[in-house]
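The lines below spell out each chain.
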Amino acid sequence: MITYKVSYVVIGGEHPGAIVNELARPEVGGQVKIGKSTFEIVEIYEVMPMRGDFAFLHATVRPVKLPVGKPDATVS
Amino acid sequence: MPQLDLWKAVGLFGGLTDEQLQRLVDISREEHFRDEDVIVEQGTEGEKMYLICEGQVEILIRRTPRETARSEVYLGRGQVFGEMALLDLGKRSATVRCCQDGTILYSVSREDFNQLCSNDTAIGYVVIRNLATDLSFKLRHRNLDLGSGDV
Numbered sequence: 017m018i019t020y021k022v023s024y025v026v027i028g029g030e031h032p033g034a035i036v037n038e039l040a041r042p043e044v045g046g047q048v049k050i051g052k053s054t055f056e057i058v059e060i061y062e063v064m065p066m067r068g069d070f071a072f073l074h075a076t077v078r079p080v081k082l083p084v085g086k087p088d089a090t091v092s
Numbered sequence: 113m114p115q116l117d118l119w120k121a122v123g124l125f126g127g128l129t130d131e132q133l134q135r136l137v138d139i140s141r142e143e144h145f146r147d148e149d150v151i152v153e154q155g156t157e158g159e160k161m162y163l164i165c166e167g168q169v170e171i172l173i174r175r176t177p178r179e180t181a182r183s184e185v186y187l188g189r190g191q192v193f194g195e196m197a198l199l200d201l202g203k204r205s206a207t208v209r210c211c212q213d214g215t216i217l218y219s220v221s222r223e224d225f226n227q228l229c230s231n232d233t234a235i236g237y238v239v240i241r242n243l244a245t246d247l248s249f250k251l252r253h254r255n256l257d258l259g260s261g262d263v
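Protein sequence lines correspond, in order, to chains H and V. Per the numbering used here, residue 17 is the first one in the first sequence, and the count goes up by one each step. Per the numbering used here, residue 113 is the first one in the second sequence, and the count goes up by one each step.
It is worth saying that the hints were derived from the structure and are not from the lab. Glycine included, each C-beta is placed from N, C-alpha and C at the ideal position. Check before you lean on any hint, since a few could be wrong.
[Claimed, not checked] Here are the computed distance ranges between Cβ atoms for each label pair:
(1) V:D200 with H:E43: 17 to 23 Å
(2) V:E223 with H:Y61: 39 to 45 Å
(3) H:L39 with V:D213: 20 to 26 Å
(4) V:T233 with H:Y61: 23 to 29 Å
Let the hints inform the model, and build the full structure from the sequences given.
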């Protein structure tokens, strides 16, 4: 089973982003919760070649503005 | 996720056999934290490495005594921190704060890790080799993060 080690970098540089191991490959349009905030994935690419069962990905994300009163249904 | 499967999915331990991993699991200790708990404090003595099983932590660094600590990165499932404590005797380079209730970590002490590596040098070789890759990935994240203002 492949483990995806993902570097999430937030557009704008004001949020430090995150590094998380994911069991499924993240997809563009998916959402991720980092700390108390939710982000949408806008770009993904391989940052280093796979080694063994590990894939190394970079994901660019942007903040999601949730509608008022809508529960935060996110992954991770 | 069973404990051994979690450890298999940690890059730092990639290449270890199930038996070697189990020996690492055997010397680890499960620790539970809540939102806002400070797990390690910058500048203090460090003698344990932590593996994140569930939840997230925030890495904060204060560059000067007068400066407010600044968030550098969040780490989630499968990530390790405090691993430098296994290699050197330096003080903690960052403060690590829990940012989710129900965060579960496994800690391994330097003393236990060194003892294990003395008994099985192959474990030490694999972990140190993987440590270089892990640090490289963290540096790449940092470099990309610094450049993200231009995206």
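Hints, verified against the model:
no.: 1; hint: V:D200 with H:E43: 17 to 23 Å; in the structure: 40 Å, violated
no.: 2; hint: V:E223 with H:Y61: 39 to 45 Å; in the structure: 41 Å, holds
no.: 3; hint: H:L39 with V:D213: 20 to 26 Å; in the structure: 22 Å, holds
no.: 4; hint: V:T233 with H:Y61: 23 to 29 Å; in the structure: 37 Å, violated
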